[in-house]
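Student: Construct the complete structure from the given sequences, taking the supplied hints into account.
If you're matching them up, the sequences are chains A and B in order.
Going by UniProt numbering, the first residue of the first sequence is number 1, and it counts up by one from there.
Going by UniProt numbering, the first residue of the second sequence is number 1, and it counts up by one from there.
It is worth saying that the hints were derived from the structure and are not from the lab.
On a predicted model such as this, the values are computed, not experimentally measured, just so you know.
Be a bit skeptical, because a hint or two may be false.
As the list claims (entries may be wrong) - No more than 27 Å apart at the CA atoms, straight line, and that leaves these computed lysine-lysine pairs for DSS-like: (1) A:K281 - B:K489; (2) A:K528 - B:K81; (3) B:K561 - A:K528; (4) A:K632 - B:K653; (5) A:K548 - B:K557; (6) B:K107 - A:K528; (7) B:K107 - A:K367; (8) B:K533 - A:K490.
What follows is each chain in one-letter form.
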Amino acid sequence: MESRFSFRKNKSGYHLGQMMLLLISLVALLDFCLSAQTKEPARPRPPITPEDLALTDLPELPGAPAVCLYYERIDDREKMELSVFKRIKILTPSGRDYANLEIPYYAFMDEVKDIKVNVYETSGKTREVKPEILEKIAAKRGESEYRIKTLAIPDVSPGQIIDYEYRIQPREDNSWITILGNLLYIRIKLFLLNLSIPDLYSALGVSWSLQDSIYIRKARYRFVPDPAIAVARKSKYNLAWVSNQLKNVQPTIGDKGLELELNDILPFEKEEFMAPESNEKMAFEVYYLDPSIKNIQTYWEKSAQAWKKDYEEYMKGGKALDREVQNLVGEETDPEARLEKIYERVQGINNLDYAREMSTKEREKLKENKDVVDVLKRNYGREIAIARTFAALARAAGFETYLVRVVSRDDKFFNPNLPLFYGQFDSEIVMVKMGNKFQAFDPGLPGCPYGIVYWPRTGTTALTFENDRMSFFTSPSTSADDSSRRQIAKLQPDGQGNLAGTIRVEYSGQEALSKKLEYREKDEIKFKEILEEELLKKLPAGSKVKFKNLVWLSARAADLAAEFEATVAGVVTEAGDKLLLPVYGLTNPGRYPFRSAFRKYPVCFNYPYTEIDDIVIELPDGYEVEALPEAKIRDSERAGFSLACSQEGPGQLRVERRVAIKKNLFPVTEYIHLKEFFDFVQARDSQPIVLRKK
Amino acid sequence: MGIVLITILFGIRAGAVPGGSRPPRWLTEMAETPLPELAPETEAVYLLNEQKITYSSSGNMVRYGRQAIKILRSEGIERLKFLARANTFNTRVRKMNAWVINPDGSKQGYDIKSAISTSLAPDTLYWDVKTLFLVMSEVTQGSLIGYEWEEEVKPLSLEDVFIFQLRFPVLQAIYQAEYSSGCQPRLDWINWPESSVTIGPRSFSVKLSDVPAIKDEPLKPPDEAIAGRLLVRFKTENAPRYGYFFSDWKDMGLWYEQLSRERRQPDESVRAKASELVSRITDQRTQIEKLAAFVQQEIRYVSIQIGIGGYQPHRASEILANRYGDCKDKATLLAALLSSLNIDSYYLIVNIEPQVVKENSPVSLFWFNHVILGIKLPDDKLYEGSEAVVSIPGLGRLLIFDPTMPHSPPGRLPFYLQKNNGLLVAGEHSRLLHFPGSSPDRLELIRRGQFVLLADGTLKGDVTETLAGFQAEVARLRLRDVHEQERRKDMEDFLARSVGSFTLENYQYLNLNEPDREVVLQYSFRAASYLSKTGDVFSFRPNILAMVDDYEVLKQKDDRKYPVLLSVVGTSQDEFEIKLPAGYILEVVPGPVELRNGFADYYSSLELNGGALRLKRLFKIKQDYLPPDRFREILEMFRLLSSEERRRLLLKKTGKQD
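Tutor: Rendered as structure tokens:
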């Protein structure tokens, strides 16, 4: 990951006066400004080489249907124009699909111009093609229309090279303000990222997602910045760029903006158990920064300070808070009990971020909470408001309390060079000093048990601003023991090659909380179906399960247990006078996760976890144990495994198994070890128990 | 570009009608309808599913529909909170309304002005149909939803279909038709017993109660093949301004012939191309194959449908010049090329979903979604014994060929056409034609494996698979157009199902680009710990490779309701030799395993030859479509196959080392 600050000052001639930094600072620059622009000569594109013409397969990606030899994209914010050029070499018959072009655009604001297509034969002979351009509606509501220019380039075959280009510009007949139904569209030349939580010091200029569905040999991107943007002061700003998954990237920055040249961009392909895509995909983003921001550290400090100011204002409650605390904790003196009562109270607040969809009437009744006193009075609020309410109450009750902003790692990992405060630090948790250590709480998450933080907010980058100092740190992590899936089974051979009996599955920690949250909108019938399906996937193909019972193990914790009747299919086999069954039969080899010897991306589990099995197998009549697999124990800093099978009595076996994944992130270099561990587990699991006829 | 879009909400959410059109009385009255006892898993129930058609003597139709739906579980909301209708070249949606009455008494109304429209369609580059979606935002568990719509149709075929059996139970289904004098409606019940019809002056109506929902079952036919429907065709005394009445399949064939005749005429460019393609080739089979390969391989699939273009192909010369087209275009170009060589051919209009068009299906234009070609063979010898040849009285032998399917050469009938039915468009010979199927005896997959089991437990394997017919088609569909990494992943997925953990040492696919040859797959792998040791007992699984892709069918929970549908019949065979580790012998050589029933045959045998074990397995699917009362045959067979894959053999040490 790389980034740079260019410190390039905007030299725009369009002085719009003082540009304010706040939400309402919209100053429009109207279309007529465009007329003052002069056309810059286009940079010549690379020629088609004899090697390009002769190419029949892509050595970097053998069998690829097509390759993009050259891609050019220019985002010109001065002209308010996007221009795109692509050169595609068709390599196989299915690669001809790349000759079907679709150019999406907002038809009520923009138009697509200058579509040009050239086809090069393998001989180098070229022909300009003027295919019929059709226009289809992607989505239309009222006058608001999103359309797609569609064209199929005729007479295309493998070996040929297609060049095509187009520009998307504002419609010439478009007025600068349009009212369409309930929507008001204003054509202005400034950017706001988010109307509810504006980033005070930065605004996204352009975001280039670099990986396409095909291999790109060479690409050129260019960004011409806007002369006036919302974060600018006196029409001045800094440009900063940040890249993801690009090595040695070196854009050039000059008066005409930023230019980036790249080579050999692989198509993106998903792998099982990978980190969030946003972390693994190649991307390049350009940001406008307020001119007071000289480096990224300043950005974080200023943003954190502003956040601090905002939440302190929100958490002010004065005597109302004191009264609430008094009502809640009364004469309770035990700190833990006091805090639990406060936690319980805020968990009872109607969390609007997780509420069922409301009717218009219901929504209209809602008022904006200005502070935590409003939240308590109205008993509803958004996730962050509830977290702040807990922090304010805890503080009022005399606890040393800190509000912590964290990066939810379920959809991204922290990028320290990306100036996106609220976009990255998108959640708030609370840390309270209990005795001589801090404990983390996640009160903004409905149903989150006391003292537990939901996994996306654990082991992730966190930030506080206290005593005029900003601090980055890692939020508390969970261990493999904190989250478990425990199976307690009583099974016996059914005489038809199966094991039949009951399986009870107990979920605890993150395993339970994830289920509770993920399926919170499902009704009980669906939830049972999901649990059945989940167990079925873990068992050998052809197994059957029938849900019997669901037990919430604790009123406060999310822990739950589901009980099933189960038939584990085809695991008992006859061999002569012996019966064989795998020591651990509750597994489906077809779902083995790490099949490939190769790994492109790090392996990422949501959280460390433990699988525990306690299985009792009744021996069939007339059989006794001939041999049992040896007990196995294996342990490392990455993972642990133990498996033991013992005879409990004359007719009963007991299998105890434990698999612990102790980390959630394994770099590619550790893949070989992780695969070897899972291979080991699978081999041990399939070792047979041998029974013989008495 | 460079434009900020600001949404200002004027106190209501986008989509709802200002002021809210009040739910009509028919819907509010429905709110009082007591619900019968329904299975607790029922997500929603249609209190009413009604359709009405008014047919005028001009051929113009006005179709009106209304539905009342009660949401019983939140799971039903996403599938039912929108109404979709389509504006097409012959249908104009005049009215769309949706209402929701929520349990808290709140009501919302939506009309066509708030509909979202789109022309996007799968596998189609351009389609001028605009689908209108009226999406409601405030539906909750317990909501009552009402829909009403009206559309004007200038039909191509004077018919209407009422799909009354849906994915949710329907308490009351009503169909009404009003028509002008001189019009004779004809009713056909599809997947439903004939029910009573109330006939009035120039009208009739049908009322059905308690129509059960279509439920999911593994390997069930597609919904269209099992859903209860009513087909209504209108015959008029005088020819109407719009539309045709197709009294039989021949009528429809004649209509399509007339619609497409001029499109398939070869012009100079087409004739020149045909000559070029068959230059110096004299035998007719090779000529046919050259032209067929050109259309299958060189004409890329691009679907552009404008106006009647959903039915009518583009001109052959245009398709040739563009080098692209959809299924009917490809069939048209091939017909024109063949015609240049004086070889006759006929369109065959089909549905690629099996069992939708049955041999006794009533005449309807609604059944079909694909066009292929029947090529008239000049003599009895050409393609003798081919599964793709049918004989038509008065017309002779026809080679059924799909120019859109690049993996099935002439002589091979693609799996989705086998035992299917299609409309033969051949003038007076037009008819519904039943297609043949391949033989269950045909070897579609042969796997020959040389394996070595080492004393340290490792299994080394070299396998050659030869895939023909359906197996080859599926392999090509999956693998031909992907790059090498995806092929490797496909191979790894297969081995994981079979041997769990392994190392794939090498692999290669041969002939993927040559559809007239068998696909050959060669691979070598190594699986550690394949031989298990428990005390002094050594065991391993001799069948090694999975013979069936999945055992979904074993998930059947209750009594089987629908027939079982498999892709095709055919035979798979394994011939493995497993060299046992030195110093070990088999404790017992088990006898053969055999199961033969009406659905399939399975046979496996083991033979010890020196230090090697020879395994032979054969799995023959004899029937690909079985009624529900024969489901136990399938269960019996798949259970055996599943246990066979886990079967273990015991080894014991001899003490001798070779």
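Student: Now tell me, hint by hint, if it's right for this structure.
Tutor: Hint by hint, here is what the structure shows:
1. At most 27 Å may separate the alpha-carbon atoms for a hinted pair to count; A:K281 and B:K489 meet this at roughly 20 Å.
2. Distance check on the hinted pair: A:K528 and B:K81 sit about 24 Å apart at the alpha-carbon level, within 27 Å; holds.
3. Among the hinted pairs, B:K561 with A:K528 is consistent with the structure: their alpha-carbon atoms are about 23 Å apart, no more than 27 Å.
4. Taken as a hint, the A:K632 and B:K653 pair is honoured in the structure, with Cα atoms around 24 Å apart against an allowance of 27 Å.
5. Between A:K548 and B:K557, the direct Cα distance comes to roughly 15 Å. Compliance with the 27 Å bound is thereby established for this hinted pair.
6. A C-alpha spacing of about 32 Å is found between B:K107 and A:K528, which places the hinted pair above 27 Å, so the restraint is violated.
7. A distance of roughly 22 Å separates the Cα atoms of B:K107 and A:K367; the hinted pair therefore holds under the 27 Å criterion.
8. For a cut-off of 27 Å, the pair hint linking B:K533 to A:K490 stands: about 25 Å separates their Cα positions.
Of the numbered hints listed earlier, the single one contradicted by the structure is hint 6.
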